[in-house]
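A.B. asks: For reference, the chains in residue letters:
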Amino acid sequence: MDDEQHVDAELDAYALGALEADEVAAVEAHLSGCARCRDFAVRSRASAGMLLFSAPLVEPAPDLRARILRRVHEVAIADAAAETAPAPAPPAERAGADWGLLGRLFGGRRDAGQPGDSGRASALLEDLLATPGSVVWNVAGTADAPGAAARLIGVPGGRDAVLVTSGLPHLPPGRVYQVWLLRGGQPVPNALFRVARGGRGRQIVRAPTTLGDFQVVAVTPEPESGSPAPTGPILLMGELTA
Amino acid sequence: MARLADGDESALGPLYDRYGKVIYSLALRIVHDRPAAEEIAQEVFVRLWRSAGSFEPGRGRVSAWVLRIAHNLALNEIRRRQSRPVAADQFDWASDGAVLEDSAAERDPAMATWLLERARAIRRALAQLPEAQRRCIELAFYGGLSQAEVAAATGDPLGTVKSRIRMGMLRLRELLAAEGVDSESMEVT
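From first to last, the protein sequence lines stand for chains A and B. Here this note's numbering is used: the first residue of the first sequence is 4, the next is one more, and so on. Here this note's numbering is used: the first residue of the second sequence is 844, the next is one more, and so on.
If you're looking for bench data, these hints aren't it; they were derived computationally from the structure. The beta carbon of each residue, even a glycine, is placed where N, CA and C say it ideally should be. Hints may contain errors.
Derived DEER-like restraints, expressed as beta-carbon distance ranges [claimed, not checked]:
hint, chain 1, residue 1, chain 2, residue 2, range
1, A, E77, B, R922, 45 to 51 Å
2, B, R922, A, G187, 52 to 58 Å
3, A, D82, B, N915, 18 to 24 Å
4, B, A1021, A, D42, 40 to 46 Å
5, A, G161, B, R967, 26 to 32 Å
Covered stretches of chain A (in silico footprint by chain B; criterion: 3 or more residues with CB under 8 Å from a CB of chain B, positions within the stretch not fixed) [what the hints assert, rightly or not]:
hint, region
6, 34 to 41
7, 67 to 80
8, 169 to 175
9, 183 to 189
10, 222 to 229
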C-alpha cells in the first residue's frame, strides 16, 4: 500500500469522532488492511482518551451517591424479577402424577417450602420485590456446577425468601435439591426442590429465624427424603451479606 | 470490578467514590445542565452494574472505560437536544458549581489525587495549545461535532479546521509527554 493511500492524517479526527460517516467508513476500510495505520490509530485513540479527564471537577449534589445506589438497586431487583418470568413448570407439576409422591416427600415440611408450589413462590417473590429493604443475594455455581447460578431474594430482617435458580443439572430419579442456610458454619436443612428444563426453579426458603442470622446459603443434591446434614457436593453457594 | 461482576451491589459505593465526581464533571462539561449530568452519571453506573462482567482489565483502566460511556451518553444527550456546545473557557464554572480542584475531601484519597493530577496535567497541556487549535478540538470532542460542523460553527474553511485538529493533537501529544502523562494507559477500545 503506497503512502498516498494511508489515512494517518485523518486518524486524530477519527479518534475524536469528528469524521462524517462516509469518512469513517473509508478510514475503517483502510485500517482493516494496514498495520501501519492501525498503530497510528492506537496512538490517536489514546490521545483522545486523555481528553476524557480534562473536564474541571465539579461537586455533584450531596445526595447523588445515594440516588445512584438506590437506582442501581432498583435495577438489580427489576432484572432479578425479569429473570423470574414464569418458567416451564417442573415435569412433576405438569404431569400431576407426582403430586402424591411430592406430598409424601414434603409432608410436614411446609416451613421448608414445597416443590412445584411455584404459584406461592411467585406471589411471595412479588411481595418481596415490593418490600423496602429487600435484597438480591447472588448465589454462584461452584466448580461442581459451573453453569449453575441463582439469586436469593429476601429481606435480611425477615424469614421468607425465594431462591431462583438456573442451570442446575437434571437429577436422576430419587434425588432432589436441598437448600441449606449456614449459621456459624453449621448447615441448617431447608427446602427441597426440583428444577424444570434448563435447571430453572423458584423455591420458597423459610428461615427458622431471620435471614440476617445466617451467613451463607448453599444447595446440594440429596436423597428425595432430604438430609439432616449435607451428603452431596455443594453446587450453589452464596454469602448473605447485609 | 470483580465483585461487581459477581453481582455484589456493595461494590458500587466505592466505585462511585472513586469515579462518580469525574463522571459527573465530564457529563456536565458536555451538557451544561446539572440534572442532565446527574441522569447521565446515574445511567453510567446502571450500565456499569449490568456490564461489569464484560469489562476486560487488559484493555484499559476502569476510569477510562466509565468515562467513555459517560462521554457517549452526554454526546447523545446534546445531539438529542441539538444544543450548541461551548468551549470550556466560555463556560461560567463558578456560577454552575464549585470547582473542586483543591477542596474535595475524597473518600479514596489515592485515587482522587491520581485523577486530580492527571486532570490538571491534561488541562495544562490543552491550555498551551494555540486557541484556534484548542477550540477546534474541544468542539469536536465535547460538542460531538464533525470537522465540517466545526468549520460551520467557527466560520473557518474545512481545510483549516482539519489542519488545526491534526496539528493540535500532535502538539497535545508532545505536551502530555512533557507532562509525563502516560497516554497509553488511556486507550480504551
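A.B. asks: Each hint: holds or not?
C.D. replies: Here is what the structure says about each hint:
1. Checked against the given bound of 45 to 51 Å, the beta carbons of E77/A and R922/B, roughly 27 Å apart, lie outside it.
2. Under the hint 52 to 58 Å, the C-beta atoms of R922/B and G187/A, about 57 Å apart, fit the expected range.
3. Remark: the range hint 18 to 24 Å for D82/A to N915/B is upheld by a beta-carbon distance near 22 Å.
4. A beta carbon spacing of about 22 Å between A1021/B and D42/A contradicts the range 40 to 46 Å that was offered as a hint.
5. For the hinted restraint 26 to 32 Å between G161/A and R967/B, the CB-CB distance of approximately 55 Å leaves it violated.
6. Counting residues of the region 34 to 41 of chain A whose beta carbon lies closer than 8 Å to any beta carbon of chain B gives 0, which falls below the threshold of three, so the coverage claim is violated.
7. Counting residues of the region 67 to 80 of chain A whose beta-carbon sits less than 8 Å from any beta-carbon of chain B gives 10, enough to reach three: the coverage restraint holds.
8. Counting residues of the region 169 to 175 of chain A whose beta-carbon sits less than 8 Å from any beta-carbon of chain B gives 0, not enough to reach three: the coverage restraint is violated.
9. As drawn, the region 183 to 189 of chain A meets chain B at 0 residues by the rule of a beta-carbon pair under 8 Å; below three, the given contact is violated.
10. Proximity of the region 222 to 229 of chain A to chain B, defined as three or more residues with a beta carbon under 8 Å from a beta carbon of that chain, is not established by the 0 residues found.
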